[in-house]
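Please model the entire structure based on the sequences and the hints provided.
Single-letter residue listing:
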Amino acid sequence: MSAAALRVVYAGSDGRASVAISSLDFDVGPQETLGILGKSGSGKSSLAHALLRLLPGNAKFSADRLCFQNDDLLRFSQTELRRLRGAGIALISQEPALALNPVLTVGRQIEDVLAAHSSRSRDQRKQSVKSILRDVGLEDTARMMRAYPHQLSGGQRQRAAIAQALVCSPSLLIADEPLSALDVSTQAEVLELLKRVKQERRLAMIFITHNAAVLEGLADRIMVMRQGEVVAMGTFSEISASDDPYVANLISPRKTLAQLAAPAAITASGEPLLQVRGLSKKFVQSRPFSRKSFTITALEDVSFEVAECQSIAIIGRSGSGKSTLARCLAGLEEADSGEIVANRTNGKNNVQMIFQEAGTALNPRFTAEEIIAEPLLIAGKLTPEQRMERVSAVMDDVGFNPEWAGRRAEQFSGGQKQRLALARALVAEPRVLILDEAFSGLDVPAQARMMRLVLELQSRHKLACIHVSHDLNFVSLFAREVLVMDAGRIVERTSPSRLPESQNPVTRAIIEQSESLHAIGLEAVL
Amino acid sequence: MIRFISRRLAQTVLLLFGISVVLFLLAEAVPGDYFSEAQLNPNISADTLQALRSHYGLDRPLVVRYGYWLASVARGDMGYSLAYNQPVSQLLFPRLGNTLLLAVPALLTCWVLALVLGVLLAGYGGKWSERVFSLGSSALLATPDVLLALLALLIAARTRLFPAGGMHSLATADSGRLSSARDLAWHLFLPGCVFILSSLAPIVRHVHAEMKEVLQTPHVRAAEGHGISRLRVLFRYALPAAANPLVSLFGVSVGLMFSVVLVVEIVLGWPGLGPMLLEAILARDMFVTIGGVLLSALMLVLGNVVADFLLYAIDPRIRVQA
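For the protein sequence lines, the chains are A and B, in the order given. For the first sequence, the positions run 1 to 526 when the working numbering is used. For the second sequence, the positions run 1001 to 1322 when the working numbering is used.
Please note that a few of the clues may not be correct.
As the list claims (entries may be wrong) - As a list, the in silico DSBU-like pairs of lysine-lysine whose alpha-carbon atoms are at most 30 Å apart:
(1) A:Lys195 with A:Lys130
(2) B:Lys1212 with A:Lys60
(3) A:Lys60 with A:Lys130
(4) A:Lys381 with A:Lys462
(5) B:Lys1212 with B:Lys1127
(6) A:Lys381 with B:Lys1212
Treat the hints as calculated values from the structure; they're not laboratory data.
What follows is the structure, given as structure tokens:
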């Protein structure tokens, strides 16, 4: 596949046009893997869709040349393009949870792709679906075919999506951030799978990601993008040697981490700000039309305390009860038994929480200013002038450009949104800050920046922080104590320095996952 | 499953009981009764009226009358019509059949039309077709049902292509099953059209809006990325994913069917529940009114039950939720 002078422009609702890709040239040879590396907003996903001519209606597309196997895609009719999609060029979309239709079974969705491109009988199609499912490592094929996406785990869903892309034996596979929505251990498995099918099926691949580490053993060449333009192009080692700070930052977050100098020795004053004793919580679920119900133990006898200026990390796999714990601490959920003693000053609630996905935790129609001011409005003690003063002070605190105050939440990037969420939490002057996987949606350099910001804010405002996470990124930098959770219980209490020697199987599993894949440089810090 | 149905049934009975109590209280609050009009007639003496009232039990206390009515419901009579001099159920049920004969096919046609129109427009519509649609549906929304019915009447009267009322022609009364069915369809056409036109606009707008939203979702774009044809993507992938709110709307539209059909029946002379209910209200024939209102309440509950089952059938996610 080759393209010349590819250009994609989006027409905004306000009439202004924003350039997603400006004049891009590239080519991918047969069986070659091209890695496309860039931060969010650099035009990577637009590129994936542009190659398949699948851009939304408000996008303007133009190119001097777009060829695939000697065919000129620019001259293709809609029908010819449709035949090409899935059969010649297949796409693996960003989030497996969202890329599969929620109301159709997995088997049906894979079979439909076959039906769209071949005239085989139903039985033959069923056989092909079974063999492709086995190929991508979903062994229990009969059950998988009948399953709906919500009944599968994230990794199984991504495997199913890969099966859907491969079922018609395409010669080019475009993988658009296929790993970013998965947890660490699943990421490693899916990456292995992609490497294997690429070998076995002699695929050419365009692999789009923000995580340079995954490209190291995978990509023959890497193209680094920034704001719709190519910044650098070459093999992994060539790119690694680049002097461009943007490229270096993406390739090796270690450099960013180095700037993240160890925070001023945080001394915990004796006074605990938050004490948790014997917290337990059960969920009872029942199915409609059925008498059966089952009980899930989310929390069982959890106790710990955090003091001023102190940070603790609560880690565990998804489903270990850590998010329920965070919600209980923030008062969003009522625990069945046990107590949470928060040091209340001025009789107000001192606990604030930052949620997993900033995008969904902010009202998209509110402006930045409105979002930050809302807790103050609810408290309702300040005059409008005082309120504005506080809002701009907090914006300054989290390094949020004051010129953006009037923009709506939906117009910000992931990192900016998370800054906004942080500002909203800080404006209420909390003493305890709970961060529930707050940065897991961001790329590593952005995570590092946010982490530094939180540490600064912590020492400036004497906060106690509780970090809830499924990985160990940056744990040693901030945490005084690490609590490892599994099935609602705290299975280990340790410190970051003793973490690598842990003998607990749950802890070991988490450490191994973190080391196996995540960005280069992190394990050095750990 | 059985528990769900029995619980739903118990809820329905309780609801209908509550509605009947409220209806009795309201009827009591309205001044006068069935014989009030006769009071104006100088030929009927006050004693005769008093005798009539006590004969029909209208002079008893409210609670006693309600008790009598409940007993009559248990017998399957649903009270007694003073105007027609027969049990209410014998009056209402044939009429109910006529109403359903008009409303159910019309409602289903309306939904099929709305789904096809809404989906195709969302999937293929350009700037101009969207504008025409928006204008047309707004115009239809703003037109009162009565006006549509009157227009239909005008067409029938001017062109003489369609009958201007009723269900059957006298000529085809005993001329075989096929021709009487054809005659029925001929009579159904105009009232059916009016019904469809008066319900279509809001439904098609909902379908269109839901589809527009679902077409933006990643899974629909992914399906297109796999080369599945546009039509198939629209009807097999996007529509089921957009169905949840539409199913709820379907339930509501079943419930409100009676209110829409009422006007159509009265203006176009369809011998359904509508004209009878109107007559009964004007004549203060209380039990007929109560019976009619209860039937339409029952319809509302039924609509919701149908929607629940449809939702359960369409969306696999509902099946595991708490």
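Structure-based check of each hint:
no. : hint                     : result
1   : A:Lys195 with A:Lys130   : 21 Å, holds
2   : B:Lys1212 with A:Lys60   : 20 Å, holds
3   : A:Lys60 with A:Lys130    : 40 Å, violated
4   : A:Lys381 with A:Lys462   : 23 Å, holds
5   : B:Lys1212 with B:Lys1127 : 14 Å, holds
6   : A:Lys381 with B:Lys1212  : 43 Å, violated
When held up to the earlier numbered hints, the structure conflicts with 3 and 6 and fits the remainder.
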